[in-house]
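Protein chains in written order, with our numbering: chain A, 2 to 352; chain B, 14 to 200.
Read the hints as simulated data drawn from the structure, not as lab findings. C-beta: ideal position from N, C-alpha, C; glycine also. There could be a bad hint or two in this list.
Residues from chain A shown here face chain B by an in silico Cβ test under 10 angstroms; the list is partial [as the list claims (entries may be wrong)]: (1) M2; (2) G47; (3) Q75; (4) N85; (5) A87; (6) F89; (7) N91; (8) A95; (9) G135; (10) G136; (11) Q138; (12) A142; (13) I146; (14) S148; (15) L155; (16) F221.
As a list, the in silico DSBU-like pairs of lysine-lysine whose alpha-carbon atoms are at most 35 angstroms apart [stated by the list, open to error]: (17) A:K43 x A:K217; (18) A:K168 x A:K236; (19) A:K323 x A:K168; (20) A:K10 x B:K141; (21) A:K109 x A:K121; (22) A:K243 x A:K168; (23) B:K141 x A:K109; (24) A:K168 x A:K342; (25) B:K152 x B:K79; (26) A:K121 x B:K152; (27) A:K342 x A:K323; (28) A:K10 x A:K217; (29) B:K24 x A:K168; (30) B:K141 x A:K121; (31) B:K152 x A:K43; (32) A:K43 x B:K141; (33) B:K24 x A:K109; (34) B:K141 x A:K69; (35) A:K109 x A:K43; (36) A:K69 x A:K121; (37) A:K236 x A:K217.
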Amino acid sequence: MRLLVDIRKRLRDFTLNVSFTVENEIFALLGGSGCGKSMTLKCIAGIERPDEGRIILNGRTLFDSDQKINLPPQLRRVGYLFQNYALFPNMTTAENILFAAVGTDEEKQRKLRENVERFKLSGLEASYPWQLSGGQQQRVAFARILSSGAEILLLDEPFSALDSYLKWQLELEFDMVFAAYDNSAILVSHDRGEVYRISDRVAVMNRGTIEAMNTKREIFENPLTLSAALLTGCKNVSAAHKQSAEVIRAEDWQMEFELGRSIPDEINCIGLRAHALEHRRSAGENTFLMRVEQTIEDNFSYVVMIRRAGTEARPIRWEMDKQLWRSIAADEIYVHFPPSKLMLLTDGREG
Amino acid sequence: MELAPFIVTLKTASTATFLAFFIGIGLAYAVVRMRHGQGLADAVITLPMVLPPTVVGFFLLLLMGKRSTIGQFLLQFDVSIVFTWKAAVISAVIVSMPLMYRTARGAFEQIDQNILNAARTLGVSEWKIFWHLMIPNAKHGILAGAGTDVHSSAGRVRRDDHVRGQCPERDANHVDGDLFGGSSQRL
């Protein structure tokens, strides 16, 4: 499976401008609400029309503004899983699947039997969508897409309407679904955890453009831009200035770090995940005396807000096991900032 | 008691409702699917509902009377619309169809767009989407519209214009006007 997308579309507040290739992998578009990620999926499916560009799936041109090609959604063979599953409310489970199935009556019946079995829907064939649970509805939606002969799977925030337990159950079932598609899909989500667990490669979107695109491990460890850092769940960011080749000053935290690696000139922000800090007994390189401003007990951890002692710097969020905090709790504490965990970022908005 | 007016009313109203039902749904579907100019199409279709009946009748006369292009064309085949119960049907359809159109359009727009888009991405043809998804899911709204429509058509004919059309002492033009417009100033 190979999908090439290179499209532009003027939207109300910004211009959608995305370009990427998906090849036998689960590709995620991660972005906040209204960043254009769902619009991208709709353009691929043919529900929305890009202003210009091209979309090519397995060598078939679905859209090409130069050649004036714009296939209707019916001919694209693109499976779209809607957020609310969009089952046909006037049809039963079996009718929903049959309505989308292609082929002779015999083939349709065979597809129905296969997919009912594959998605554990037996006994629910005669139920209407409103009689099904959220998880069952999602399975019917998948069964329907699979019967329709789609070549790629587009998932539009598939879990966002579910409670966390059900969400987990469905995520576990996803492997089975992806196996049917040679593990090729595009996932759109604002949930970094979901993206990290499910996908292979991630593109971070902000105001219609892809800010960063890389393997998920790389993008979570080294997000490169401020908005990518925030979207991947980085809790602490600060404006920063390069002081010398390997020293950077975090303005908001009022601290200077010795990084032991050269700092590119364009860096103007620095980020640090809430779990990355380490406790120390005494001062040292990249270790500072911090004042504890606030402690918040979460269900499985402590969140401690610390700022550099003797300053009014912006507090830094530090999360750790309950046990660890109980053993080190104090008003002032030495904290080590591991240089390898400090993420050097650029703020796209400043150019 | 004279039954003729009653029968003509019934005949006209049922024919008009039947026509308005399908034309209204058809136009509603067409307008819902339009990408541009929805507002303009909407205004033109609903115009007869808001114009005074005399004005609508006058326009219809201009359009279909013996001196109009359409009238002249039909005359070549020896067909004259004005002066017949067909004229009453046309006028009833024009005036009551907007109600059907409005309700059908509202019912179509109530359907979750995702459901229709899902069907499209699954490869279901627009024809099947219309008959198997849009109509069943807009059924209640459409039937409500049809109900209002019967009343509207019957009410239109009830003005007994056609009966007056048969009065020999009236001049033809005036009768035409009554037949098409349902003028309420007469008597």
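Hints versus structure:
| no. | hint | in the structure |
| --- | --- | --- |
| 1 | M2 | violated, 17 angstroms |
| 2 | G47 | holds, 7 angstroms |
| 3 | Q75 | holds, 5 angstroms |
| 4 | N85 | holds, 6 angstroms |
| 5 | A87 | holds, 4 angstroms |
| 6 | F89 | holds, 6 angstroms |
| 7 | N91 | holds, 4 angstroms |
| 8 | A95 | violated, 14 angstroms |
| 9 | G135 | violated, 15 angstroms |
| 10 | G136 | violated, 18 angstroms |
| 11 | Q138 | violated, 12 angstroms |
| 12 | A142 | holds, 8 angstroms |
| 13 | I146 | holds, 7 angstroms |
| 14 | S148 | holds, 8 angstroms |
| 15 | L155 | holds, 8 angstroms |
| 16 | F221 | violated, 31 angstroms |
| 17 | A:K43 x A:K217 | holds, 24 angstroms |
| 18 | A:K168 x A:K236 | holds, 24 angstroms |
| 19 | A:K323 x A:K168 | holds, 26 angstroms |
| 20 | A:K10 x B:K141 | holds, 30 angstroms |
| 21 | A:K109 x A:K121 | holds, 18 angstroms |
| 22 | A:K243 x A:K168 | violated, 43 angstroms |
| 23 | B:K141 x A:K109 | holds, 16 angstroms |
| 24 | A:K168 x A:K342 | holds, 31 angstroms |
| 25 | B:K152 x B:K79 | violated, 41 angstroms |
| 26 | A:K121 x B:K152 | holds, 32 angstroms |
| 27 | A:K342 x A:K323 | holds, 22 angstroms |
| 28 | A:K10 x A:K217 | holds, 27 angstroms |
| 29 | B:K24 x A:K168 | violated, 60 angstroms |
| 30 | B:K141 x A:K121 | holds, 28 angstroms |
| 31 | B:K152 x A:K43 | holds, 28 angstroms |
| 32 | A:K43 x B:K141 | holds, 21 angstroms |
| 33 | B:K24 x A:K109 | violated, 46 angstroms |
| 34 | B:K141 x A:K69 | holds, 27 angstroms |
| 35 | A:K109 x A:K43 | holds, 27 angstroms |
| 36 | A:K69 x A:K121 | violated, 43 angstroms |
| 37 | A:K236 x A:K217 | holds, 18 angstroms |
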